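Q: The primary structure of each chain is shown beneath.
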Amino acid sequence: MPGPPALPLRRFVVTVIMAAIAASAVAAEIPRAERRSGYDLMGRETRAMQDDDTANPGMLFVLDGESLWKKKTGAVKGVAARYPAFDAREGRPIDLEQRINRCRVDRQQAPALAWESRDLLALTAYVARQSRGLPIDVTIDARTQPFLDAGRAAFHRRQGQINLSCSQCHDDLWGRKLAGSVIPQAHPTGYPIYRLEWQSLGSLQRRLRNCLIGTRAEAYEFGAPELVDLELYLMWRAQGMKLESPGVRP
Amino acid sequence: MASALINVPERARRGEIIEIKTLVSHPMETGYRRTQLGATIPRDIIRSFVCTYNGAEIFRAELHPAIAANPFITFTTVATESGTLTFQWTGDNGFSVTQSATITVG
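Protein chains in written order, with our numbering: chain R, 34 to 283; chain B, 36 to 141.
Just chain B, with the same shape it has in the complex (with noise of 0.2 Å):
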């Protein structure tokens, strides 16, 4: 089952700054909220995202509760070198995905 999309432009100039831009598919049940007869749901949320550049991390995040399902997160970076940019989402449950894309600097 498809559980990310990531947009990283396949293709960059030295010291560009590109945009990245990550969807992966997640419920983010907050842990607040009760069935109707009253039994809470337990929570199950991502609680952190990194991402790593040729093994560098360039951006890392931790998630809330407050978050809405399917978190969408887009951030920048300068394109240094060509090589793989590795992100990885972990929460709740156990949940863990890892994806990557790879880009050419030129």
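Next up, chain R with everything else stripped away, as it sits in the complex (with noise of 0.2 Å):
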């Protein structure tokens, strides 16, 4: 006897996913008392394995970083905490990787490091890692408003084929478990990080094209304002939350 077509089967499955996704509470942000690190939902050895420097990958990333920086630390303590923030030449905000390449086009006559080259990722762990304790403290004004609140909206549009926002998973959702997954909150505060899934370090952008083929939309590219403006409405919402970079994460 035949079985059933695969298709309407599949059809059903997703109905009943987003029946289940309709029924939970519509999209609230997540209260101040309530957030936590995607450290905190995360099992005690991936914890073990990000707290001790020896043991943590991404450190291998900061010791390259270091030796491509070749200057002394402390200079840039702190700066993680505040990317994205407004360049004027852009008119926009940019991120820790923006930055950076840009110095390196701008004052150092030196070409632009590609997107998720392992020296960008160094330069940017070790940028990050002097920022490590430090609560996230993003600057919102009149000139980068308006993009905080494009990131927002991208936030809470459902998009894709499978029509999900990125607030119905991790304002709504946050805690339970996406197949064997928990859902973290999305508060970006260990990047950039080393994920054991990728068996590398990779930067947030990495991240949020990954959360959107995995709502089967199409991912933009690296460096697209509408990834930078995610990214600083992510930070903004971390607001005062420490950064732990470089992040250790499954």
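It is worth saying that the hints were derived from the structure and are not from the lab. Just so you know, these numbers come straight off a predicted model, no measurement behind them. Just to be clear, a hint being listed does not mean it is correct.
Stated by the list, open to error - Below, computed lysine-lysine pairings styled on DSSO-like, alpha-carbon distance capped at 30 Å: (1) K275(R) / K103(R); (2) K110(R) / K56(B); (3) K275(R) / K210(R); (4) K56(B) / K275(R); (5) K110(R) / K275(R); (6) K56(B) / K103(R).
Hints given; two lone chains; assemble the complex.
A: Right, here's the structure in full:
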């Protein structure tokens, strides 16, 4: 006897999932006191890996970044906690990777580093590590407000074939499971992160593109303004939380 | 470029059991993956790790394709005398990294 055709079954499963999501509370921002870093939601072993600098593979990139930097440390303490920040020349906020590349091109007459290249990740990790333990502190003023609003709108916009918004998972369903994994609140507290699944360090933009592909949306290119707006919103949403860079995540 | 992180206690009492932690930078490409065009990505792994304590081998490991990138190896030994611990990783494509750490035993 032929089994039921696969497609209607799959459509049924998707409908059930969608119904479950629709039934949950409407997107509300997470109250300050209930905010949790992904760190708090991950397993004991992964936390131990992040906490011990000789077990945290992100430190390999930090050391690479230090040798690339070849400068006194301490000069960039706190910088990572303030990005994305407004750049007058661009007329919009730029993120830490873009700032590093801007400095290379403008001040050092060096070629820009490719997104997700080992050297750019290493420099970002080296800079971000100097903000470890400091509270996230992005500046929202008249210049950055429109970009924050755009990022917030993107976070709440349903998109992709699955028609999911970021908010549906990360505001409403955090702490519950997506397949075997705990859904975090999506606070960018540890970037660049060493993600065990990637077996490498990766940027926040890589993570965002990953999520977009997960909702079966077409991901923005690296460096797209839409991604930076989203980064700005996420950093604002995590305002005051402590940076852990380089974080380790499952 | 940084290639390995080693954590050995700086000093220990004679006879004390000490924990040694090592982390080495390596992609550990399995040799089983293919590119989008179907070409095999050649294997590139670390094959062996050896630790010597004042010249005497105290720990050895063979590594295989199923081991994740940036292998983290931790083990214990007994602090017998002051001296040098040497760590060596060797693998495909002539990969070889050697680092050492000193320990004072009193």
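Q: Is it true that the CA of K56(B) sits at most 30 Å from the CA of K275(R)?
A: Since the Cα atoms of K56(B) and K275(R) sit roughly 27 Å apart, the hinted pair holds (cutoff 30 Å).
Q: Measure nothing beyond the straight line between the CA atoms of K275(R) and K210(R); if it is 30 Å or shorter, mark the hint as holding.
A: OK: K275(R) and K210(R) at ~25 Å, within 30 Å.
Q: Given the hint that K275(R) pairs with K103(R), test it: the Cα-Cα distance must not exceed 30 Å.
A: holds, 27 Å
Q: Between K56(B) and K103(R), does the CA-CA distance stay at or below 30 Å?
A: Cα-Cα ~27 Å, so holds.
Q: Check whether the Cα positions of K110(R) and K56(B) lie no farther apart than 30 Å.
A: holds, 28 Å
Q: Is it true that the CA of K110(R) sits at most 30 Å from the CA of K275(R)?
A: holds, 14 Å
When the structure is compared with the earlier hints, no violation turns up for any of them.
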